[in-house]
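Protein chains in written order, with this note's numbering: chain A, 899 to 1235; chain B, 899 to 1235; chain C, 899 to 1235; chain D, 899 to 1235.
Hints are supplied without guarantee of correctness; some may be wrong.
[To be verified] If we take Cβ atoms under 10 Å as the criterion, some of the chain A residues that face chain B in the derived model are: (1) Asp-959; (2) Ala-962; (3) Ala-1040; (4) Gly-1042; (5) Arg-1051; (6) Met-1103; (7) Arg-1105; (8) Leu-1111; (9) Ser-1130; (10) Thr-1225; (11) Arg-1226.
Note that these hints are calculated values from the structure, not bench results.
On a predicted model such as this, the values are computed, not experimentally measured, just so you know.
Don't be surprised by glycine CBs; every beta carbon is placed ideally from N, CA and C.
This is what each chain is made of:
4 protein chains.
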Amino acid sequence: MSANSLQVAVIGTGAIGSLHATNLALHTKGARVSAVMDIDRERADAVAQACGARAVTDAADLIADPAVDAILIASPDASHAELCLAAIAAGKPVLCEKPLATSLADAERIVNAELAAGERLVRVGFMRQVDPAHSDLQALLASGQLGAPLRFRGTHFNPRRGDTIIRIEGAIVNSLIHDMHSLRWLMSAEVQNALVQWLPDRADMPRSARFALAHLTLDNGGLATLEWSGDSGYGYEVGVEIVGELGTAQTHSHSSPTIRRGGGLSQAVSPDWQDRFAEAYRIETQDWVDSIRQGAPTGPSAWDGYMSLVIADACLRSADSGLPELTRAIDRPAFYA
Amino acid sequence: MSANSLQVAVIGTGAIGSLHATNLALHTKGARVSAVMDIDRERADAVAQACGARAVTDAADLIADPAVDAILIASPDASHAELCLAAIAAGKPVLCEKPLATSLADAERIVNAELAAGERLVRVGFMRQVDPAHSDLQALLASGQLGAPLRFRGTHFNPRRGDTIIRIEGAIVNSLIHDMHSLRWLMSAEVQNALVQWLPDRADMPRSARFALAHLTLDNGGLATLEWSGDSGYGYEVGVEIVGELGTAQTHSHSSPTIRRGGGLSQAVSPDWQDRFAEAYRIETQDWVDSIRQGAPTGPSAWDGYMSLVIADACLRSADSGLPELTRAIDRPAFYA
Amino acid sequence: MSANSLQVAVIGTGAIGSLHATNLALHTKGARVSAVMDIDRERADAVAQACGARAVTDAADLIADPAVDAILIASPDASHAELCLAAIAAGKPVLCEKPLATSLADAERIVNAELAAGERLVRVGFMRQVDPAHSDLQALLASGQLGAPLRFRGTHFNPRRGDTIIRIEGAIVNSLIHDMHSLRWLMSAEVQNALVQWLPDRADMPRSARFALAHLTLDNGGLATLEWSGDSGYGYEVGVEIVGELGTAQTHSHSSPTIRRGGGLSQAVSPDWQDRFAEAYRIETQDWVDSIRQGAPTGPSAWDGYMSLVIADACLRSADSGLPELTRAIDRPAFYA
Amino acid sequence: MSANSLQVAVIGTGAIGSLHATNLALHTKGARVSAVMDIDRERADAVAQACGARAVTDAADLIADPAVDAILIASPDASHAELCLAAIAAGKPVLCEKPLATSLADAERIVNAELAAGERLVRVGFMRQVDPAHSDLQALLASGQLGAPLRFRGTHFNPRRGDTIIRIEGAIVNSLIHDMHSLRWLMSAEVQNALVQWLPDRADMPRSARFALAHLTLDNGGLATLEWSGDSGYGYEVGVEIVGELGTAQTHSHSSPTIRRGGGLSQAVSPDWQDRFAEAYRIETQDWVDSIRQGAPTGPSAWDGYMSLVIADACLRSADSGLPELTRAIDRPAFYA
């Protein structure tokens, strides 16, 4: 491993960008935040100061800067593809928040660019792969104790955020995309067919989503459902249940004290994703930095980012048609085998 | 309440029939088993002896017998409708095991016969309504703490029984029928649309079912999934989860000791339905007998039996077509309002 | 089993007496409540009417009445011994609520009277033996899966009842007596030594008890602690944990739905003993009646009632001395082997 | 915070020493392992190589070395006091594994040396304070939701390690010492009185301990029990339950998947302390390093190390006398207020 710290530039300083910047600066061994970029100068300055970094407002310069070793993209979704392509062009490793792109075509361009570069540069921010609740379940599946996995159930319940109305499209591309990746990763299978149903959040906005349910069939014969809520009523919770040939398993994610008070026993649920996945985000940046310093980037690839969007694309078409829709994907390049 | 014990005839002495006969004879206050009928004379004799009853091999005589006050039907499914109609014709209360009939047309005939009789005579054996885990959930929903229910998830996992291969049709009409009733009862809604998917139990028998998933849409806008396994790998388990506007709830059914031994903590799951629902079956016959003696039969009605078959019918058509199928039902008679 | 119903007289119609009377009248097959006695005539009348029984105010006449087959004693603690002795003298089976007596000497008189009668007549109301949570644990221990039991922990948490102040003596003789019996029954061992500690409920009443802890050593080398609360803050809960040579186990008693709402997941705890042990009390009277009709009374014996008071006696002495105190018991008569 | 990494010397490379060295080298931001000391040269070399450090066999030189900023003591218990005193003499911050010393007199010398030095230098390795399960419980207590804490129960169950026979003295000073600190920390109280009971591990070795139970009374009137097992039969588990005025709470530490397989549902328990407290040990060194670089050492102090030994001392005397024994401590210096 290189003796020098990896100089990371963080692009975007919203909730997730500033979380990554702080994790890199305070908790990630072998990394330094050299620069922080946001078009909101004030926000960039604040995060930069907390990280001992400089603040900039232009991403292109930052990517090109020879003093920058690696790029973390946490800017608005619509900018992900362009920034990823720029990082690839500069030959620099990139950790790109999900979704990899906002169109399937853009995601395909990134895959092709990485193929052309001939080396693995992109990691997509599907941090659940390093969340202990999820990775323990993956290890269990890998052990063979449950036999072949037959059925996947993902639940993804969010607390309501103020007056925000989420459209079904947003729920799919921005939130359920996590569950689509979890499904592929844990089931070792691809989705063939997707049907999306939802309950509107506001009666006068039929495409607003309060609760959504995606029914997916897999190329190994398996069945999956993804449940999403935009207003759980109790906090933030993500869970996976898998039925295997020999038994079933589900993630277990509540670790706060069991309290007995006022008529019952209770346990707190995480209020938000920051709390629930705090450890996973730390592990993710450490893992990313370690793998770069060791010369072998790991974790969810550009192909994973593309394939999650392939599922999202079928879901979006199903949300329009009201019918099950087949997924449409290019063949998997040997590079990603 | 009448001072005299209710004289009950039990038709059918298989697993469920002999369970009911024993419960009536030993555990149901205010009831006696006066006769037990089975075409298998030996089995009838054995059960009759255990219950202090006489054994017969003809059901028609038994139903007509003036010494018999009420009929419990636990014979093979195909005979349910005819026996129910005979009991109604004799003006005698009947507790009929599910399914009420094996065709929608037969179930409709029973509804019409009861309507013509002008009094409530039929109770269908959906005993989950008196299972504490289920009735506690129902009470919670009724309390309004969860707001309006939006989404129902039923799980119904069975242990494999020897070499038995269950066809998807059998899974629907004989097993999932319970979950269909639970859904209607707990959601206070009717099913509009049903899509059934399943994994074959044997590769060479495409309609054999190892795992099945029914996706249902409800007339109040709600969404439901029913999961069924014919080979859980660990025992027998039935659960319900409901997402409401204000929160979620799920049944809790494991009450055996928590054991720490050999690398982990564990809790036994019921090995079979007899163990899991032992208490519910006792409550069911007591409740049935009490309600008859008080002159006001209660519990799941012939209409409930019919409507569960309406869902099953749509599921069966979906199993053929591979598509979502609309339910088809007659209008609810005012009698069942 | 006798064809006729057992005619039971219920003495005492407070909370526990009326519960038993109702259970006998409505839920116990093979039993009738023939008479109900209470010095409070109005209360006796109310319970008698609900049970279809006659009300009386004199216990002696009732016990002597040839129309009465068996006696259930649920009168104030101080009267238990005298009534038990009268029932034994009349040769009638008796189910006596705990404590069997309020002094060790009185309990010994009952044991001696039963010995003199030469037949088993007394059952003490330690209904936890038939509570499924407890009997499942007992079955687990009997299976040998945990090896020899080494350590017992009993918890017995009560909700505060209005302004009632409970003295440490009352906590021991009236409430912890249950846990003392559970300990003997589940550990198959006797207590040698007892040390009691407690936190006063009111600073100005040093013998008022809010929380009590009994440390007991057993004649098989085992160790036990009993925890008691008179003001749990959340409801009523009874639990047992046992450490065995090969592992540990604890009772599991919460079966209400798991609710997610308002920041956490929760489960209701029983509000009081009536709710928690409703099923156990029903099983207890059914079991008692069945065993009498079969001619072989079972369940906790007069000896068990005596031995629980032997432990209570040592605890009372410890509450006075502040030191560990040895138990003092007569030798077990062969009759109770 | 200083820009330079803290140069840490690790003394002792057994299980806990090499864990700390690895954590410092790979997971602790702002720290470097400059040297590793062990009298076993081979083991020192192996750990040194893994950490990019040099290996030495003399501790005194290392402590004196101006290139060493801070000392981590993980050598055999008997050497802790001397090494701590040397580090204090050198004016260097030290993280000393528990127990702080093997005699109360030695612990007092360390307290006095730190007092003389006039600055906080010692942190004792009671890492449970930063274990999320424990710190969440502490935060709950601090929130006041449970009212004043009345009763503490600590459980500390270890898997058997080969043929190792643990004496009751070892269980107290080396293992239960953790629980003694947890008690003081979570209850904000000191122990007044201690009674220790145990079951021998081998019948012919009365002071061998298989299971131990310490009963402690606190200076705020509270009651505590500590349970320890040297052969749990299932793995490693540490738990705390606290009864407060308004309710109770217990730590919740199992986060592995819930598995349903082979007749039951189960969850893995940590096999050993390394697995259970992996995260706590990482947080501990990071927290230690951060606090030093910020110029304000935090965490369990020399006083905490001393006071835990005060409890252990009373327990050791109780193990000899078989009676409750009063604790004996010097007055708390204002420095540690």
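For each hint, the structure was consulted:
1. Asp-959: 48 Å, violated
2. Ala-962: Interface hint status for Ala-962/A: violated (49 Å vs cutoff 10 Å).
3. Ala-1040: Violated. Min distance 18 Å.
4. Gly-1042: 13 Å, violated
5. Arg-1051: Holds, because the Cβ-Cβ distance from Arg-1051/A to chain B comes to roughly 8 Å (cut-off 10 Å).
6. Met-1103: Interface hint status for Met-1103/A: violated (14 Å vs cutoff 10 Å).
7. Arg-1105: Since the shortest Cβ distance to chain B is 15 Å, the answer is violated.
8. Leu-1111: Cβ of Leu-1111/A sits 5 Å from chain B, so the hint holds.
9. Ser-1130: 7 Å, holds
10. Thr-1225: 16 Å, violated
11. Arg-1226: Because about 20 Å separates Arg-1226/A from the closest Cβ in chain B, which is outside the 10 Å limit, the hint is violated.
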